[in-house]
Amino acid sequence: MEFLTDLSMMYFLLIPIGVIIGIFFGAIPGMTATMAVAVCLPLTYSLNLNEGLALLLGLYVGGISGGLVPAILLNIPGTPSSITTTFDGYPMTQNNQGAIALKTAITASLFGGILSAVILFLFAPILADVAIKFSYIEKFLIIFLALTVIASLSTNLLAGIFSGVLGVLISLIGVYSIDVGGNGEFRFVPGILEYYLETGFSLLPVLIGLFGLGAILKEAEKGTKEEDTSQKVNLSNQQKFSMKIFKGQFTNLTRSGLIGTFVGMLPGVGGSAASVLSYTQAKNFSKEPKKFGTGAPQGVIASEAANNGLTGGALIPLLSLGIPGDSTTAVLIGAFTLQGIQVGPLFIGENLGTWNTMILGLLLANIVMFITMFYAIKYIAKVVTVPKYILYPIIIMMCVVGSYAINYGNMFDVWTLLIFGIFAYLGGKIGIEMAPFIIGFILGKSAEIYFVKALESFGTFEIFFTKSPIAMFLWVLIIISVGYSIYSALKGKKIKKAIENK
Amino acid sequence: MFKLMVKKGAFLAAGLMILSASNALASDSVIKGNLRIVIGSKSTGGDTYQNSSIVANALAKKLGINVKVDAVGSSAGFKAVDRAGVKGNTIMIFHDQAYLGYLYGKKGYFDIFNKYIIGPSIAINPGNAYLVPKNSPYQTAEDIINACGNGTKVRVAIQPGGVSEIGYTALKNAVSIIYPGKEKNLVAVNTGSQSMKNQLLFDGQADVINGSVQANEQYTRLPEEDQKAMRFVWLTARKNTINQAPKAGMGATSRDQLLKFVDPITNVPLDKTTNFTFDKEFFFLYNKGLDPKIIAEIDNALTEIFASGEIQKTQKKSFFIPDFMPSKEAEVYFKDKMERYKIIINSMQ
Chain V
1 MEFLTDLSMM YFLLIPIGVI IGIFFGAIPG MTATMAVAVC LPLTYSLNLN
51 EGLALLLGLY VGGISGGLVP AILLNIPGTP SSITTTFDGY PMTQNNQGAI
101 ALKTAITASL FGGILSAVIL FLFAPILADV AIKFSYIEKF LIIFLALTVI
151 ASLSTNLLAG IFSGVLGVLI SLIGVYSIDV GGNGEFRFVP GILEYYLETG
201 FSLLPVLIGL FGLGAILKEA EKGTKEEDTS QKVNLSNQQK FSMKIFKGQF
251 TNLTRSGLIG TFVGMLPGVG GSAASVLSYT QAKNFSKEPK KFGTGAPQGV
301 IASEAANNGL TGGALIPLLS LGIPGDSTTA VLIGAFTLQG IQVGPLFIGE
351 NLGTWNTMIL GLLLANIVMF ITMFYAIKYI AKVVTVPKYI LYPIIIMMCV
401 VGSYAINYGN MFDVWTLLIF GIFAYLGGKI GIEMAPFIIG FILGKSAEIY
451 FVKALESFGT FEIFFTKSPI AMFLWVLIII SVGYSIYSAL KGKKIKKAIE
501 NK
Chain E
1001 MFKLMVKKGA FLAAGLMILS ASNALASDSV IKGNLRIVIG SKSTGGDTYQ
1051 NSSIVANALA KKLGINVKVD AVGSSAGFKA VDRAGVKGNT IMIFHDQAYL
1101 GYLYGKKGYF DIFNKYIIGP SIAINPGNAY LVPKNSPYQT AEDIINACGN
1151 GTKVRVAIQP GGVSEIGYTA LKNAVSIIYP GKEKNLVAVN TGSQSMKNQL
1201 LFDGQADVIN GSVQANEQYT RLPEEDQKAM RFVWLTARKN TINQAPKAGM
1251 GATSRDQLLK FVDPITNVPL DKTTNFTFDK EFFFLYNKGL DPKIIAEIDN
1301 ALTEIFASGE IQKTQKKSFF IPDFMPSKEA EVYFKDKMER YKIIINSMQ
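Sequence lines, in order, name chains V and E.
Position 48 of the first sequence, counting from 1, maps to 48 under the working numbering, and the rest follow consecutively.
Position 313 of the second sequence, counting from 1, maps to 1313 under the working numbering, and the rest follow consecutively.
Rather than coming from a laboratory, the hints here were simulated on the basis of the structure.
Even glycine gets a Cβ: it sits at the ideal position worked out from N, Cα and C.
Check each hint, because a few of them may be wrong.
Claimed, not checked - Within a straight-line C-alpha distance of at most 27 Å, the following computed DSSO-like cross-link-like pairs (lysine-lysine) qualify:
id: 1; chain 1: V; residue 1: 467; chain 2: E; residue 2: 1153
id: 2; chain 1: E; residue 1: 1115; chain 2: E; residue 2: 1153
id: 3; chain 1: V; residue 1: 467; chain 2: E; residue 2: 1068
id: 4; chain 1: V; residue 1: 467; chain 2: E; residue 2: 1134
Said to hold, decoys possible - Among the chain E residues that face chain V by a calculated CB cut under 8 Å, a handful are:
id: 5; residue: 1075
id: 6; residue: 1221
id: 7; residue: 1225
id: 8; residue: 1227
id: 9; residue: 1296
id: 10; residue: 1304
id: 11; residue: 1305
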């Protein structure tokens, strides 16, 4: 505990400051934990390393957690990793259970965050050695496994798969960047748009276009001439949150937290894959899978425990190998760089004080996040009582500002928001399913890179099946996931037929 | 309560705005408002961000303005300078990749000497390195060249189109000089980030990787039986450059140890008489229409900053070699440098 003597009051003050700013970033559609850390990184230049890390870890945890607020209350994922939170969180809000959904999500986030911090503390170097066993092939298979959830998330299996594949194709628009070992050539881009689409469509504007603007356009079609008082959410009538909601959910919580930590520790796989994978596993293992997507608290628990589990997981390769686990830790490494400190396989042993400070910071940030959000919910939840004719213009404004800011002021990102908002509105009418589409879009680019690089390295298709026991195990999971989705779809059809015959 | 908080918040925001406005007014700088430095890398953990932050911090103090470094990457960086650079509030810092990308014919790169004004140079990163697994049969760069000459295929993991590739091109050139016709045995494995290059070495899918002293030094201290253990075989920097690094070197690898991996102890022939060397250098890029007063102001500010000697200490602490040249001098220098490397790149393509 010697390291505690090195910590100043400022260290303990910067954690809550970071958490609160992070929550705001996470909660505003289009702004992310990564952006929060990037914006505040230069401030750490004037702080010492411990204080800088306190601020950045607070921003990281706050930013990841803040995304659940708009996901649950507005059906707009505040961050890409909170996409699966919308699946059950928003239906809960519609069922007059918004506050319960928020408190459930926050508690699950705390559990996932603490679990991953403990795993980070106890097993970081060992897990880093496991992480390097994942080559291009295993990483591709993990992403492929996450893509198989498209089937189980689809209302109509065929339309869902089509939407997912469309998402993958659209994610490939732009240059196959030399930054990832590509050839630097354009794909799917007409000459006239090459200037704008060099890096393809940015994820955040696409995400908030599909979920935010698209939904608002649908509502606009219905018209909101007068606020329907019968449908208006009355907070005083809402059911009270009780920890009983977690009864029987310990396995779900632990599994999801572990999936988040595990995916987080694999560099280049991405946080969205964590919540998508844990959501599907929760659904597949649930006794009532049909409830998922209709406002099941276990769906919210799975998603949020996983995306906060990611925080500790992504720090494993960062601190044990010097390799960031996700986009936020890729920015966070700058705090070490600015202080001239090497992060690599010997970092923990040579910087025990900093290592302990980080673990403490991560734990404190999770606790502060929980307290701040849990007790602020009664104010946050009031968002749903704001009349739609006031709320929606504000959301549109936030979406536009967020899109414009995401790449440091790029107007094309605002057009992207509009294009995908209209796409969601029109696509919905012809049966394109947005959840599979966005999952395809998020995972498509990484899937392509690892697939192409695996082929370039090994030169055969067979290697995908025979590379390692890990690869074989992943194939078993993929087959189970696909098989289960087909079985559920057939079972659903039978039940539907039986009801129709009756 | 809520109203009170809003009121207080508004006062605080107004106060901050007045403060920042008065800061800008108080400054005598020709640059009006804030200065944004975009960099050619998207990483905040890399050498470009670190280097630029050191210089941005010093410039902000000297000129009394706010300076912010944005890690936007080469393509977005060039676009930002094209779009907003003429006003003087957006400038760029990049390294040799700015012209190497053009020489390698990569999309999004062009002749920077035609399109931009070359600003002052600021530093060298002497750490551009090539590594092999610790249990590799190749002890030196010469071993790699000889292996290719003897018909063994050697795979080198690089990021194409820049500083990472120039060392690979040099190795290929060296093989072609000593063993004409055998250069095809040196094969590039195109990949991206440092972690991807490391992973290829761990997987046995590359025999040699491009890396850096800063990012890979800790790996060289791991025991041989560790799958992650690596060994330096070549640093592309000149001996004179490494000699300017702190005696303690980086991590637990001293300057004297590093000198074993550079010319003349390590030989990668450029031609029959000289060895290939390459210093990765960082410099400013400006929009062609930028007011000459602003160029002069940054030149003068940096001349004074480097004359005081403080910034050199910070740069050396982070394993950078101070390398200040004012704009005019830098332009001549980098133009000449590009022409030199153009010959070797063209001969190998």
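Checklist line | Hint numbers contradicted by this structure | finding: 2, 3, 7, 9, 10 and 11
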